[in-house]
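A.B. asks: This is what each chain is made of:
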Amino acid sequence: MLDIILSPQLFFAAAVLGSLYALIGLGLNLVYGTMRLLNIAHGDIVMLGAFSAFWWFTLTGFSPLLALPVIAALGAMIGLCLYILLFRRQLAQGLDPVVIEARSLLLFFGVSVVIQNVTALLFTATPRAYRHLDEVFRIGDLAMTGSRIAALACSVVLLIAMLVFLKKTLFGIEVRALIQHREAARIVGINVEKVQIVAISMGFGVTAVAGALLSMTELITPFMGFRFTIASFVVIILGGLGNIKGGIMAGFLLGLLEIYAVTIFSAEARSILIYGCFVLAIVLRPQGLLGIGKKA
Amino acid sequence: MSLLEISNLSKNFGGLKALDSVTLRVQEGSTHGLMGANGAGKTTLFSIIAGNQPPSSGSIIFQNRRIDGMRPDKICRAGISRTFQIVRPFPGLSVRENVETAALFGRAQPPKQSELGRIVGDILSECHLADRADQPAATLTLAGRKRLEVARALATEPKLLMLDEVMAGLTPKEVEEMIVTLLELKVRMNLTILIIEHVMSALNRISDEITVLHHGQLIASGDPSEITANKLVTEAYFGSEDNPKESPL
Amino acid sequence: MKTANIIIAIPAAASALYFLGLWAGPYWQIVALNLTMWIALTQSWSLFSGLTGYISLGHAVAYGLGAYVMASLFREWPIWLIIPTGGVVAGLFALIVALPVLRVRGPYFVILTFGLAELVKFVLLAVDTALGQSSRLLFGAPNTQTLLLWMLALAAAATLLRHHIGLSRFGRGLIAIREDETAAETIGVPITRYKVAAFALSTVIPGMVGAVMALRSTYFEVLQVFSPTISFTIVTMVIIGGSGDARGPVMGALFLVALAEILRGLSPQLYLIFLGLSLVLFVIFSPNGLTGLLERKPR
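Chains U, L and S, in that order, are what the protein sequence lines are.
Residue 1 is where the first sequence starts when you use the numbering used here, and the numbers rise one by one after that.
Residue 1 is where the second sequence starts when you use the numbering used here, and the numbers rise one by one after that.
Residue 1 is where the third sequence starts when you use the numbering used here, and the numbers rise one by one after that.
No lab work stands behind these hints: they were computed from the structure.
A portion of the hints provided could be inaccurate.
As the list claims (entries may be wrong) - Only some residues are given here: those of chain S computed to face chain U with a beta carbon under 8 Å:
1. Tyr108
2. Leu112
3. Leu161
4. Val280
5. Val283
6. Ser286
Since the model is a prediction, treat every value here as computed from it, not as a measurement.
C-beta atoms are modelled at their ideal positions from N, C-alpha and C, and glycine is treated no differently.
Take the sequences, apply the hints, and build the full model.
C.D. replies: Laid out in structure tokens, this is it:
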């Protein structure tokens, strides 16, 4: 048993999955933290990113890595459309945040169903995968496929870039301010509408990229989104709602837990683990289980 | 005799002492005023008496029965009703339905269906809300909502009525109307009243006894004239001559 | 809505549906079965979520548990006994999880119920795998007409229950909880007791519905009966139909079942797409559903 736990192979797999969870959680934190929108369709954005990468590779033969900026832009546009069509008016009206949360939940639910089924209609529900960067690199006992290394590398780079953006740039600081205290941000003169647009675009963009990276390592189907939606909520609750760094750490933690659960127990354990954590996290919230978050 | 006896009541929020060993007696049939700067602990005291929050230590005895830590709905049925500083009507229900709900749940025994209409009708007229009875509560003016808070509390047949800043935000004319209504209600329904108020003139007029809180501690207790003359009280509010303060209100 | 009208309307509608089904043939019997199933589910759901405002996205659990009970006991017990047992099991489960789950409010309650439903699904899946059972075959189940009778009874019961509770003292307490939970408790409503009771009560009929529907196909599968689509459809139907009284769920069910029939020839995905779009449109333009639209007076 011990050699399983200490296996660098598992650790690597956990790192890859964890980095993607961290990225997806970051996306949700940006959307939920700034606007309190409960994005139940979050996992479906991951799915769209995955499908985009798949079709890019299948149709052009070029590496999906080259398409990442395009996929990010695609995700950002989807976010922007949803924002303009569904939420801009409500947010501007200054409705009770609880009402906005509740409505966003239902709206995103509808959106999720539409996205999933449009995709299923267009592409059928057959699971798909593709082979890219298949070469295996070995360091001692550790065998790593090129695709996984690439996924890990890209997500880490993106995570760092986002952290820098949020810390150092003006927009980034404004986003953080909006997350921390909506009313105060407005009062100190932050253009809330503009920052919301930035936040939702980046949130969705980052999530789509995570999906693209994911497609290099996993099977994709139109209905794969649910699992990532739940995972992303687990991540942001564990890390503290709106807590960017907490979310990133929680993402890696979840990746770790999941890989080890699946290895020690079984594949079904993965779903039980994720939903179990989800349920526990919500019931035991609001400080975030890692104790570094804020009250909801 | 004491209807309500609060002994050494304390409440801590983390490191903050919101209430520090407060001891207070409310005589049956009296109107007892509660005064103090914002943050003095008055609403916290109400919350604890009504059961919305538990005390950290101390006891509360109501009609010779310990009630500290009891559930709010049980305390309500035992005979204590409160209004909220920031009014909480049931916005989607009509004025009448608001009062009906209180009558159905807050009394020691729920009324018979046949009596409900009469009970609610009486309370609505006493509180001068009869003309607006079927309006949605959300459409009332602030003064109307304050009356609704009182009406709802009354519908539960309280022996002790706790009013939290029920005059705040009202015009002088509305304040006068509210005072008159309260005095009438007190007599008609045989109430004991515990009232938090910042409007000093109102408080002095209707209180038999006033207790002053400051930073969670009881600093003075007595009849209105004593309190007005009390140096500690004036210092707490206005500062001493050597150390003047801005009005804490 | 007058109680007298309801007491006449329900048996009338039920009989009409039944005889229509008999006359029109098995296909329409199945449509009627679906319609009455959704009515039973939505009325029960509305009893809790409509009145208290705690939107549950997990009622598929009740349905699934009832179906699971039926699949497990099918050959052992008589069917008329298994059906209520399904309801009881669902209700018991609700009672057990009620206290921790109901402490959470607002949208978090919604996603919590959803997560809980999925958790139960995967746990039961694992249990089945461990027991070496992947799916079950139910041979010799009653025909559609009999199932329709059961379902009509359940739909009628659910509607009556929703109507009655909506007007009762218990219902008033639930509504007060929806309007302002703290104020409700302060004026004497025993909020925890009421929430738990309504929650558990709202799962009993869905449990029985699940048990009946398990007999529809000879093939039982955990993943299907615990499908989130069931929860989602219930909510959508009530949003579209309105939740103010017992009429709304009926209208919502009618609307979506009709939609499903119209789109049936096309594809199941198309139906779901319309479902999602309808939900979005109604949330934006008419949060009170169809009944809200009908009652809107010209300003």
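A.B. asks: The hint names S:Leu112 as touching chain U; please verify it with the least Cβ-Cβ distance against 8 Å.
C.D. replies: Holds: closest Cβ of chain U sits about 5 Å from S:Leu112, inside 8 Å.
A.B. asks: Using 8 Å as the Cβ threshold, decide whether S:Tyr108 counts as touching chain U.
C.D. replies: Hint on S:Tyr108: holds, closest Cβ of chain U at ~6 Å, below 8 Å.
A.B. asks: Taking the closest Cβ pair, is S:Val280 under 8 Å from chain U?
C.D. replies: holds, 4 Å
A.B. asks: Going by Cβ atoms only, is S:Val283 closer than 8 Å to chain U?
C.D. replies: holds, 5 Å
A.B. asks: How about S:Leu161: closest beta carbon in chain U under 8 Å, or not?
C.D. replies: Because about 25 Å separates S:Leu161 from the closest Cβ in chain U, which is outside the 8 Å limit, the hint is violated.
A.B. asks: Once the shortest beta carbon distance from S:Ser286 to chain U is found, is it less than 8 Å?
C.D. replies: violated, 12 Å
Going down the numbered hints, you'll see the structure goes against 3 and 6, while the others check out.
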